[in-house]
Amino acid sequence: MSTDPSHFLSNIIGSSVTVKLHNGVKYAGVLQSIDGFMNVVLQNGTEVAGESSRTYGDVFIRGNNGMYE
Amino acid sequence: MSTLRTEQQSQEPLDLIRFQLDEFVLVKLRGAREMKGRLQGYDSHCNMVLSEAQEFIFSEKDVEPIVKKTEMVFVRGDSVILVSPSTE
Amino acid sequence: MLFFSFFKTLVDQEVTVELKNDIEIKGTLKSVDQYLNLKIDNISTVNEGKYPHLKSVKTLFIRGSTVRYVHMSPSSVDCTLLQDASRREALVQSAK
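Chains as they are written, first to last, in numbering that gives the first Met the number 0: chain A, 0 to 68; chain B, 0 to 87; chain C, 0 to 95.
In case anyone wonders, no lab produced these hints; they're calculated from the structure. Quantities reported herein were computed from a predicted structural model and do not represent experimental measurements. Take the hints with a grain of salt, since some may be wrong.
[To be verified] Not the full set, but computed from the structure, chain A residues with beta-carbon under 7 Å of chain B:
#1 Asp34
#2 Asn38
#3 Arg53
#4 Gly56
#5 Asp57
#6 Asn64
[Unchecked claim] Computed spacing ranges between beta-carbons, pair by pair:
#7 C:Lys7 <-> B:Gly76: 17 to 27 Å
#8 C:Arg87 <-> B:Gly30: 25 to 35 Å
#9 C:Asp32 <-> B:Lys60: 33 to 43 Å
#10 C:Lys54 <-> A:Gly13: 49 to 59 Å
#11 B:Val62 <-> C:Asp21: 11 to 21 Å
#12 C:Phe3 <-> A:Asn63: 38 to 48 Å
All C-beta atoms, glycine included, are put in the ideal place defined by N, C-alpha and C.
Okay, chain A solo, but in the shape it has when bound:
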């Protein structure tokens, strides 16, 4: 098993993940892709902010905002 971070990230493509943003909002979805800036695309992304939630088909999250799973 490799512990290399970039290996880890490419290995979890396709799995269900939660991305937490600096502002506390979380997004759950299937990880479609990720790059070196930690930009992320989630499939069927769901916003989890307190009690309210909202869904997006595909959602791109800019890297600087994510704190990640």
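Please build the complex by placing chains B and C on the supplied structure of chain A, with the hints as guidance.
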């Protein structure tokens, strides 16, 4: 960066934005703002140009957001939180 | 570099710059650099009552990082060209 690419998954996140060129997108921004508009241009910083755009400024919960229309606008990438295809 | 070139095509056009501190400045774009710093001539603040301290200022240099939006006339933008340039830029970026 290329080390993140695997055989079955050659796409990178910014490709999602590329596929949205000339389509309506929803951009969530810092400062409780959202912008809906037709994507005319973008770069790797998420700088964007939107046409036929509407800006929504949210103040408090359960209060209708302020809506501002703008024909053509450049949005600086550092304010961008997320980008998603718009349902409209 | 794409938006540097984009803003160069807007030189001498009327733009409205909205800053992250909510100040809106209208004026003629005179120059731009690689950081998207902007020089604006003949300025007027859109919400002048709120920010009267810019009343006597004619020309302004705006640090790019303080910008939230730049509004412009749709007639000054070639959309097809901008879309194609974005696709080309994406290719260049992914080749790096």
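Status of each hint after checking the structure:
no. : hint                            : result
1   : Asp34                           : holds (5 Å)
2   : Asn38                           : holds (4 Å)
3   : Arg53                           : violated (10 Å)
4   : Gly56                           : holds (6 Å)
5   : Asp57                           : holds (6 Å)
6   : Asn64                           : holds (5 Å)
7   : C:Lys7 <-> B:Gly76: 17 to 27 Å  : holds (18 Å)
8   : C:Arg87 <-> B:Gly30: 25 to 35 Å : holds (32 Å)
9   : C:Asp32 <-> B:Lys60: 33 to 43 Å : holds (41 Å)
10  : C:Lys54 <-> A:Gly13: 49 to 59 Å : holds (58 Å)
11  : B:Val62 <-> C:Asp21: 11 to 21 Å : holds (18 Å)
12  : C:Phe3 <-> A:Asn63: 38 to 48 Å  : violated (21 Å)
Hint compliance for this structure: hints 3 and 12 are broken, all remaining hints hold.
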